[in-house]
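A.B. asks: Here the protein sequences come in this chain order: A and B. Just so it is clear: in the first sequence, position 223 is 223 by the numbering used here, and no numbers are missing. Take any residue in the second sequence, note its place counting from 1, add 240, and you have its number in the numbering used here.
Where hints are given, some of them may not hold.
With beta-carbon atoms standing in for the labels, derived distance ranges [as the list claims (entries may be wrong)]:
#: 1; chain 1: B; residue 1: Ile403; chain 2: A; residue 2: Arg106; range: 49 to 59 Å
#: 2; chain 1: A; residue 1: Val15; chain 2: B; residue 2: Leu307; range: 52 to 62 Å
#: 3; chain 1: A; residue 1: Gly111; chain 2: B; residue 2: Gly355; range: 28 to 38 Å
#: 4; chain 1: B; residue 1: Lys396; chain 2: A; residue 2: Ala110; range: 42 to 52 Å
#: 5; chain 1: A; residue 1: Arg213; chain 2: B; residue 2: Ile293; range: 35 to 45 Å
#: 6; chain 1: B; residue 1: Phe312; chain 2: A; residue 2: Arg57; range: 54 to 64 Å
#: 7; chain 1: A; residue 1: Arg52; chain 2: B; residue 2: Thr291; range: 17 to 27 Å
#: 8; chain 1: B; residue 1: Ile403; chain 2: A; residue 2: Arg10; range: 55 to 65 Å
#: 9; chain 1: B; residue 1: Lys354; chain 2: A; residue 2: Arg57; range: 20 to 30 Å
#: 10; chain 1: B; residue 1: Asn389; chain 2: A; residue 2: Glu5; range: 14 to 24 Å
#: 11; chain 1: A; residue 1: Val15; chain 2: B; residue 2: Gly355; range: 22 to 32 Å
#: 12; chain 1: A; residue 1: Leu240; chain 2: B; residue 2: Lys354; range: 28 to 38 Å
#: 13; chain 1: A; residue 1: Phe11; chain 2: B; residue 2: Leu266; range: 47 to 57 Å
These aren't lab readings, by the way, just hints derived from the structure by calculation. On a predicted model such as this, the values are computed, not experimentally measured, just so you know. Quick reminder that beta carbons are idealized off the backbone N, C-alpha and C, glycines included.
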Amino acid sequence: MIRVEQASKRFGAQVAVDGVSFHVPSSTVTVLIGPSGSGKSTVLRLINGLERLDAGRIVLDGLPLDPAGRNLERVRAETGMVFQQFNLFPHLRVLENLTLAPRLVRRRAAGVVEEEARALLQKVGLADMADRFPAQLSGGEQQRVAIARALCMKPKVMLFDEPTSSLDPEMIQEVLEVMKALAREGMTMVVASHEMGFAREVAHEVIFLDHGRRIEAGPAEQIFTQPREDRTRAFLAKVL
Amino acid sequence: MDPFASFGRIALFLLPAVPETIKITLVSFALALLLGFGVGVLRIARTSPWTWIGRAYVDAIRGVPLLVWIFFIYFGLGRVLHLPQFLAGVLAIAICYSAYVGETIRAGIQAIPKGQWEAAASLGLSRRHAMQRIILPQAVRIVVPPVMNDFIACLKDSSLVSIIGLRELTRAGREYSSGTFVDFETWLVVGILYLVMTIALTRCASLFEARLHRPEVSA
C-alpha cells in the first residue's frame with residue numbers, strides 16, 4: 001500500500017530523514033519509534049506531502065508522489081493524518097469538522113456525509129458531541145474527533161503523528177482504544193509513537209529510527225525482546 | 241450676544257456637511273478594505289514576485305503622508321486625468337488606508353497556527369479552499385478590532401480632503417469661522433461633532449466584536 005524508497009529530507013544543514021526505506025502492506029500497522037528528532041514525524045509528513053522529498057520515492061497505492069507536488073491534493077485525500085496537536089478547526093462545530101472535507105473535496109451530498117459523520121462519531125464514542133465546538137472538549141475527545149474527521153474522507157491509509165504525546169495520561173487510553181479498534185478492522189496505519197505498549201500490541205512491524213536513519217525493523221515482538229542493534233537496545237532500555 | 245444662539249447657528253450651518261464626511265469615510269474605507277484585502281493576500285503569497293510587489297506597495301504608501309497623496313492625486317494626476325474632487329479625495333484616502341488595512345489582514349492571516357493549514361491540506365483541501373473555509377473565518381475575528389481602529393482613524397483623516405475643496409465637516413467649519421470670526425465656538429462644535437461620530441463608531445465596534453467573540457469558540 002505504501003512503499004518508501006530511499007526517502008531523504010533535510011532542513012537547511014540538518015538532515016531529518018536519511019535514505020529511509022520501508023514497505024507497508026495493506027491492512028497492516030507499522031509503528032515508527034525512536035528518540036525525538038529521529039525523523040519519525042518527518043517520514044509521516046513526507047508520505048502525505050506536507051514536506052517535499054529531497055531524494056527518493058514514495059508510492060502510495062500505486063500512485064507515486066510527484067516530487068513537484070502536483071498530485072498532492074489527490075494523495076492527501078487518500079491519506080488521513082492525525083496530528084499531535086489535534087488541529088481541529090476551532091470555528092466549526094464537531095460535525096462540521098468532519099463533513100467539510102468530504103463535501104468540498106469529494107463533492108459528496110451533505111445529507112449522506114452527515115449521516116456517515118454521525119456514525120463515525122458514534123464509533124469513537126462522541127455521538128452526543130456533534131454540536132459542540134472543539135474548545136468545549138477535552139484533549140482526548142478532541143483527538144478522537146480528529147481521528148473521525150480523517151476517517152470521514154474514507155482514506156486508504158491513516159497516518160498518526162504522535163497522537164497521544166500532548167494528552168494527559170488519563171486520556172491516552174481512550175485514544176489508543178480507538179486506534180486499536182481501527183487496526184482490528186484492517187485499516188492500513190503508520191504510527192509515530194512513544195507508546196511502546198500500543199506498538200507491542202498492534203504493530204505488525206516496528207521500525208526504529210535514529211538521526212533520520214532506519215536502524216532496525218522487524219516484528220514488534222522481536223524488536224522489543226531481541227533487538228539486534230545496540231542503539232535500539234539503548235533506546236528501549238530508556239523508554240520501557 | 242447669546243452664546244447658545246450662536247452655538248445653535250453654528251450647528252445648523254455645520255450639520256448639513258456631516259453626511260458628506262460620512263459619505264467620504266464610508267466610500268474610501270470600503271475601497272481601502274477591498275484593496276487592503278488584495279494587499280494582505282499578496283503579502284502572504286508563496287511566489288516571491290507577488291510578495292515583493294505587496295511589500296513595495298505597503299512601504300511606498302505608508303511612507304508618504306496622506307496630505308501629500310491628496311495633493312499628488314488631485315493636483316498632480318489631476319493635470320492629466322481631471323479627477324473630480326470627491327473621486328480624488330476618496331482615492332487618496334483609500335490608497336493610503338489600504339496599506340494599513342492590508343498589513344492588519346496579513347497579520348491576522350499569519351496569526352492562524354500553521355497546524356490549521358496543515359490539517360486542511362491533509363484532508364485534501366486546496367490552498368484556496370483552506371483559505372476561504374478555514375483560515376479567513378478565523379482571521380476575521382482577529383482582524384476586526386484593529387480594522388475598526390483604522391476605520392475611526394479614517395473618519396478623522398477625512399478632514400484632510402477639505403484642503404481640495406470638498407465640502408465636508410472641516411471645510412464647513414473653515415467657511416463659518418472665516419466668515420464670522422467666531423473661531424472658538426466653531427471649532428469646538430466641529431470637534432464635538434467628530435467626537436459624537438467616533439464615539440458612536442467605537443460603540444458599534446464593540447457591539448460587533450462582542451457578537452464575533454463567541455466564548456465557546458476561542459478556548
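A.B. asks: If a hint holds in the structure, say so; if it does not, say that too.
C.D. replies: Against the structure, the hints come out as follows:
no. : hint                              : verdict
1   : Ile403(B) - Arg106(A): 49 to 59 Å : holds, 58 Å
2   : Val15(A) - Leu307(B): 52 to 62 Å  : holds, 56 Å
3   : Gly111(A) - Gly355(B): 28 to 38 Å : holds, 30 Å
4   : Lys396(B) - Ala110(A): 42 to 52 Å : holds, 47 Å
5   : Arg213(A) - Ile293(B): 35 to 45 Å : holds, 43 Å
6   : Phe312(B) - Arg57(A): 54 to 64 Å  : holds, 57 Å
7   : Arg52(A) - Thr291(B): 17 to 27 Å  : holds, 20 Å
8   : Ile403(B) - Arg10(A): 55 to 65 Å  : holds, 58 Å
9   : Lys354(B) - Arg57(A): 20 to 30 Å  : holds, 27 Å
10  : Asn389(B) - Glu5(A): 14 to 24 Å   : violated, 54 Å
11  : Val15(A) - Gly355(B): 22 to 32 Å  : holds, 24 Å
12  : Leu240(A) - Lys354(B): 28 to 38 Å : holds, 33 Å
13  : Phe11(A) - Leu266(B): 47 to 57 Å  : holds, 48 Å
Violation of the numbered hints given earlier is confined to hint 10; every other hint is satisfied by the structure.
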